[in-house]
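Protein chains: 4
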Amino acid sequence: MGASVSFIGVGTMGGPMARNLLRAGHRVRVFDLDSRLVAGLEKDGAEVAANAAAAASEADCVITMLPRGEHVESALFGDQGAATAMREGTLYIDMSTILPSHCERFAHRLRAAGVCVVDAPVGRSSQHAIDGKLLIMVGGEAGDVDRARAFLEPLGDTIVHCGPTGAGQKMKLVNNYMSIALNALTAEALVMAESAGLDPEQARSVMLGTVAGQGHMGTTYPAKVLKGDLTPGFMVDLAHKDMGLALAMAGELDAPAWLGAVAHQTYGLARRHGRGAEDWTAVYAALRETAMGDER
Amino acid sequence: MGASVSFIGVGTMGGPMARNLLRAGHRVRVFDLDSRLVAGLEKDGAEVAANAAAAASEADCVITMLPRGEHVESALFGDQGAATAMREGTLYIDMSTILPSHCERFAHRLRAAGVCVVDAPVGRSSQHAIDGKLLIMVGGEAGDVDRARAFLEPLGDTIVHCGPTGAGQKMKLVNNYMSIALNALTAEALVMAESAGLDPEQARSVMLGTVAGQGHMGTTYPAKVLKGDLTPGFMVDLAHKDMGLALAMAGELDAPAWLGAVAHQTYGLARRHGRGAEDWTAVYAALRETAMGDER
Amino acid sequence: MGASVSFIGVGTMGGPMARNLLRAGHRVRVFDLDSRLVAGLEKDGAEVAANAAAAASEADCVITMLPRGEHVESALFGDQGAATAMREGTLYIDMSTILPSHCERFAHRLRAAGVCVVDAPVGRSSQHAIDGKLLIMVGGEAGDVDRARAFLEPLGDTIVHCGPTGAGQKMKLVNNYMSIALNALTAEALVMAESAGLDPEQARSVMLGTVAGQGHMGTTYPAKVLKGDLTPGFMVDLAHKDMGLALAMAGELDAPAWLGAVAHQTYGLARRHGRGAEDWTAVYAALRETAMGDER
Amino acid sequence: MGASVSFIGVGTMGGPMARNLLRAGHRVRVFDLDSRLVAGLEKDGAEVAANAAAAASEADCVITMLPRGEHVESALFGDQGAATAMREGTLYIDMSTILPSHCERFAHRLRAAGVCVVDAPVGRSSQHAIDGKLLIMVGGEAGDVDRARAFLEPLGDTIVHCGPTGAGQKMKLVNNYMSIALNALTAEALVMAESAGLDPEQARSVMLGTVAGQGHMGTTYPAKVLKGDLTPGFMVDLAHKDMGLALAMAGELDAPAWLGAVAHQTYGLARRHGRGAEDWTAVYAALRETAMGDER
Numbered sequence: 023m024g025a026s027v028s029f030i031g032v033g034t035m036g037g038p039m040a041r042n043l044l045r046a047g048h049r050v051r052v053f054d055l056d057s058r059l060v061a062g063l064e065k066d067g068a069e070v071a072a073n074a075a076a077a078a079s080e081a082d083c084v085i086t087m088l089p090r091g092e093h094v095e096s097a098l099f100g101d102q103g104a105a106t107a108m109r110e111g112t113l114y115i116d117m118s119t120i121l122p123s124h125c126e127r128f129a130h131r132l133r134a135a136g137v138c139v140v141d142a143p144v145g146r147s148s149q150h151a152i153d154g155k156l157l158i159m160v161g162g163e164a165g166d167v168d169r170a171r172a173f174l175e176p177l178g179d180t181i182v183h184c185g186p187t188g189a190g191q192k193m194k195l196v197n198n199y200m201s202i203a204l205n206a207l208t209a210e211a212l213v214m215a216e217s218a219g220l221d222p223e224q225a226r227s228v229m230l231g232t233v234a235g236q237g238h239m240g241t242t243y244p245a246k247v248l249k250g251d252l253t254p255g256f257m258v259d260l261a262h263k264d265m266g267l268a269l270a271m272a273g274e275l276d277a278p279a280w281l282g283a284v285a286h287q288t289y290g291l292a293r294r295h296g297r298g299a300e301d302w303t304a305v306y307a308a309l310r311e312t313a314m315g316d317e318r
Numbered sequence: 023m024g025a026s027v028s029f030i031g032v033g034t035m036g037g038p039m040a041r042n043l044l045r046a047g048h049r050v051r052v053f054d055l056d057s058r059l060v061a062g063l064e065k066d067g068a069e070v071a072a073n074a075a076a077a078a079s080e081a082d083c084v085i086t087m088l089p090r091g092e093h094v095e096s097a098l099f100g101d102q103g104a105a106t107a108m109r110e111g112t113l114y115i116d117m118s119t120i121l122p123s124h125c126e127r128f129a130h131r132l133r134a135a136g137v138c139v140v141d142a143p144v145g146r147s148s149q150h151a152i153d154g155k156l157l158i159m160v161g162g163e164a165g166d167v168d169r170a171r172a173f174l175e176p177l178g179d180t181i182v183h184c185g186p187t188g189a190g191q192k193m194k195l196v197n198n199y200m201s202i203a204l205n206a207l208t209a210e211a212l213v214m215a216e217s218a219g220l221d222p223e224q225a226r227s228v229m230l231g232t233v234a235g236q237g238h239m240g241t242t243y244p245a246k247v248l249k250g251d252l253t254p255g256f257m258v259d260l261a262h263k264d265m266g267l268a269l270a271m272a273g274e275l276d277a278p279a280w281l282g283a284v285a286h287q288t289y290g291l292a293r294r295h296g297r298g299a300e301d302w303t304a305v306y307a308a309l310r311e312t313a314m315g316d317e318r
Numbered sequence: 023m024g025a026s027v028s029f030i031g032v033g034t035m036g037g038p039m040a041r042n043l044l045r046a047g048h049r050v051r052v053f054d055l056d057s058r059l060v061a062g063l064e065k066d067g068a069e070v071a072a073n074a075a076a077a078a079s080e081a082d083c084v085i086t087m088l089p090r091g092e093h094v095e096s097a098l099f100g101d102q103g104a105a106t107a108m109r110e111g112t113l114y115i116d117m118s119t120i121l122p123s124h125c126e127r128f129a130h131r132l133r134a135a136g137v138c139v140v141d142a143p144v145g146r147s148s149q150h151a152i153d154g155k156l157l158i159m160v161g162g163e164a165g166d167v168d169r170a171r172a173f174l175e176p177l178g179d180t181i182v183h184c185g186p187t188g189a190g191q192k193m194k195l196v197n198n199y200m201s202i203a204l205n206a207l208t209a210e211a212l213v214m215a216e217s218a219g220l221d222p223e224q225a226r227s228v229m230l231g232t233v234a235g236q237g238h239m240g241t242t243y244p245a246k247v248l249k250g251d252l253t254p255g256f257m258v259d260l261a262h263k264d265m266g267l268a269l270a271m272a273g274e275l276d277a278p279a280w281l282g283a284v285a286h287q288t289y290g291l292a293r294r295h296g297r298g299a300e301d302w303t304a305v306y307a308a309l310r311e312t313a314m315g316d317e318r
Numbered sequence: 023m024g025a026s027v028s029f030i031g032v033g034t035m036g037g038p039m040a041r042n043l044l045r046a047g048h049r050v051r052v053f054d055l056d057s058r059l060v061a062g063l064e065k066d067g068a069e070v071a072a073n074a075a076a077a078a079s080e081a082d083c084v085i086t087m088l089p090r091g092e093h094v095e096s097a098l099f100g101d102q103g104a105a106t107a108m109r110e111g112t113l114y115i116d117m118s119t120i121l122p123s124h125c126e127r128f129a130h131r132l133r134a135a136g137v138c139v140v141d142a143p144v145g146r147s148s149q150h151a152i153d154g155k156l157l158i159m160v161g162g163e164a165g166d167v168d169r170a171r172a173f174l175e176p177l178g179d180t181i182v183h184c185g186p187t188g189a190g191q192k193m194k195l196v197n198n199y200m201s202i203a204l205n206a207l208t209a210e211a212l213v214m215a216e217s218a219g220l221d222p223e224q225a226r227s228v229m230l231g232t233v234a235g236q237g238h239m240g241t242t243y244p245a246k247v248l249k250g251d252l253t254p255g256f257m258v259d260l261a262h263k264d265m266g267l268a269l270a271m272a273g274e275l276d277a278p279a280w281l282g283a284v285a286h287q288t289y290g291l292a293r294r295h296g297r298g299a300e301d302w303t304a305v306y307a308a309l310r311e312t313a314m315g316d317e318r
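Protein sequences appear in the order of chains A, B, C and D. Per my numbering, the very first residue in the first sequence carries number 23; after that it's consecutive. Per my numbering, the very first residue in the second sequence carries number 23; after that it's consecutive. Per my numbering, the very first residue in the third sequence carries number 23; after that it's consecutive. Per my numbering, the very first residue in the fourth sequence carries number 23; after that it's consecutive.
Please note: incorrect hints may appear among the correct ones.
Put simply, identical chains are the same to the list, so a pair is met inside one copy or across any two.
Unchecked claim - Under the rule of at most 30 Å between Cα atoms (straight-line distance), these lysine-lysine pairs were calculated in the DSS-like manner:
1) K155 to K65
2) K65 to K249
3) K263 to K65
4) K263 to K155
5) K155 to K249
6) K249 to K263
Since the hints were made in silico from the structure, they are not lab data.
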């Protein structure tokens, strides 16, 4: 028989997640500031609580899925907050995306009361939430993470333990940093193609055949810099030159090229690090030196 | 029997390309300012010319593969330049990567003398040049491009006709804009992971399972904005919020985040265009509006 | 005879500010989490309180001068926070630099208890704090701001009422946005001069004779865009071209040029807005359109 | 009696400059591709030449004032270019703004023929050209620059010898880099003020009272980093924090903040260099290290 789960925050993502916990056989008590959101869940078998503290009361596991850190703080430590109802040994899983330093601060307060804390923000889309196929990035102590699996497995098909408390948030933010910036870059490239009079569909098709569309993480990086080989397949100096040409073309076309303008500067940094004649993936090595203070 | 080809510029890329033309049965006459580069080709059966004009003399097809636009200009129009030796009907293929506006300027001068001009810069690496498996992006009139195929097919396995003269250069620069900036972004994401105390290999593995590593061109774009569906799978506003968190984390970690900082501004632009509640791929639609002056 | 003032946060800035209030004849009760900081003030005649609530008790005016919004929140609303001790009509002045939206949130909670709230962050340096010559940017209702003057005048020689609660913070952040980014830009220009083999002192001297060193706010802006005159003294198109040259030079020199690379894109935006042939100050008009949605 | 001067390029800037040389008593022969531009000058006493070579023939001094490097190249070395008419000892002054590396290339070719070469691009506006009050930044050998003064003094009131050939161009581009980027930054700050609901005129007035409006070159830099004093008046860490707040505010307001977003990263770089607790002008020292490879 399932455990008793409190689910706080049942919007676009939290709603289907709570439903999947019900389907998995757990007893689920839900709370949301927006009372319209809980109605459907009540029909599906969830118990509805009047506030966060009531939801959390006597639960084996308390889950929050809220938009921002201040909502989490308020749901935990505000008036009638869940923290007042959590006991020694209660498992608390925050699945919201918040700042890792906030996550660590909340965890610190809860642990003082004996609560076991896990952060488990999710990746992918609302459709994946419905299908129980989210990507879940988890931070916490090994024992707590193991306990959490019973509640995470109905929600996602990929559960990655990334390190101690906060590590789930960190992984989520690194992943989203990449995908969100990449979207802006992709937009620039396709707009530039069209501004140049090219067929943007043909441009997309060409790029899908190169690292432009396929990315570096599964191609050039494992083949070169990640195995310590910086003999040039394509030189930093040539990439710097080609980006200069692309920016000059964009300037003539009045095509927006914000990210490329900045990336050009990153190659300048790699050249200043004496890496002009190395493989272009040496940009990673150069940037790493500036951040970590040593060489790879 | 093969045609008579003049190949000017036989360095890291041009050398193996000239060799592949020899293998395909063409008579190849080579020239390079660096005389050491031509020696090996002479052994392989190439004829060596004393200057660009001599190389181009009586050739059916003249190919240049040079580092910069000023080298191409000099090889064509400088002292003993190839232009003086090209006749009405000679096919000239520039495979260098140069500014499209320079390409168009050179073509204009050559066409006045009846020369047929095609630009055909290449993608991929020096190993692909050796293997005859380059990506070749071609600009020029259809008839000229058809004539050029006999000389391009020994060099590459993907030949894309992108439009009129200069279009090959434009496609090349758009492709390289994307791949070169993406390299800098990839470096930032992996350095951020490590600065956050995450295992960078685990981070890479997680991202290879999401659009962070797989890119948007073959995933979110065809699923959403390119088919005109901007109902949110992941909202612009949420992407804006998550990037804000990622930048705040990077600030706490002192991790470099230049491209993300700029991308955050691009999402601000999309929000100012009233697209905050649309799918994040609406960033493309917003950027396109600023450049093309209309809506998609 | 002076009023009773509670001063919370007596570090590098707050310490000399509290001292100036003592000199002006006020009775000052101080509190700081770092007890070493209060010792000197006690000698100078301040009363030392054990916590924020004790400091605020029966004060006519409570002032906070703390590093971050979370410190202000904690000093006000945490355990033994000042909010518990403030009465109907107490004047609260926050002189910390915090996010305007946080400022507005705190003000909202305090006003519910009848407290009069003013934000008054300061500009200039710690030496100015000692000399009582700070720049003070004030937000709040006119009556409250008038009451606050008795406490602000001993601290600064320029007191600017910027608007309702939060407006002081907004002015401060706009001012610091400008001065902080300008510092990074100044560094780039002087490093570029030296990278180019110029004497950086001569470069500084030349620039002090132009808007490069004197700024636009008191020169080109009032002469052109702010009075609606966009006939070109120096055209957007030429500025775009010159920045392109400067960036190409920086690229050849490997001089860092991050801000200029981005500024070049801003001129591209102005050109896309049809402002290429207008005065370069039209960049302001173009940027304003993207943000405010109308023309100036 | 005046010398014989050839002036090539008599547009918005060159026209009034040629007129000032006539006024100073020189015999001036002018050429411009746009024949409408020379008509007025002919009335004022200039002789009109049919091409650049004819203009340069038998001149003591040849001056070019053209929009781009390719125009200069063409006026010198194209068909009927001025280079063919310059003799041993002719003084050539290029007052156009072009890439220093192009300037050096042209000078190299002309010196082979005994021509004395000086670059002398100008600053300030077209009104200053009319008034003979330009800022002239000069590069060249001391003897050549001394000869050039007779022709530059009628044109400007500030003549700065910046170093060998090309140094004038370098100084011009550094100056314009700063002033052009500063314009974009100024626009952002004023738009941000208005987006925040502040009176932009009041914001401008406040900033004119701080380094935001006055600049760092004549204030904080000579007071701190340039005399080797990095004890903090305002700490790098605090500037980093304040910029973070300003960017967060801009994000909430949807105000464009491209340059500030990038400048925030520059402060991150200074922090990674261990300069967080130093004066904010240490950003210059940190950036200089990345470019020059040593400490100041």
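Evaluation of the provided hints:
1. K155 to K65: within (23 Å within a copy, 61 Å between copies)
2. K65 to K249: Neither way: K65 and K249 sit 55 Å apart in one copy and 36 Å across, limit 30 Å.
3. K263 to K65: neither (63 Å within a copy, 33 Å between copies)
4. K263 to K155: Close across copies (23 Å), not inside one copy (43 Å); limit 30 Å.
5. K155 to K249: For K155 and K249, only the inter-copy Cα distance (24 Å) is at most 30 Å; the intra-copy one is 33 Å.
6. K249 to K263: Answer is within; shortest intra-copy Cα gap is 26 Å, inter-copy 35 Å.
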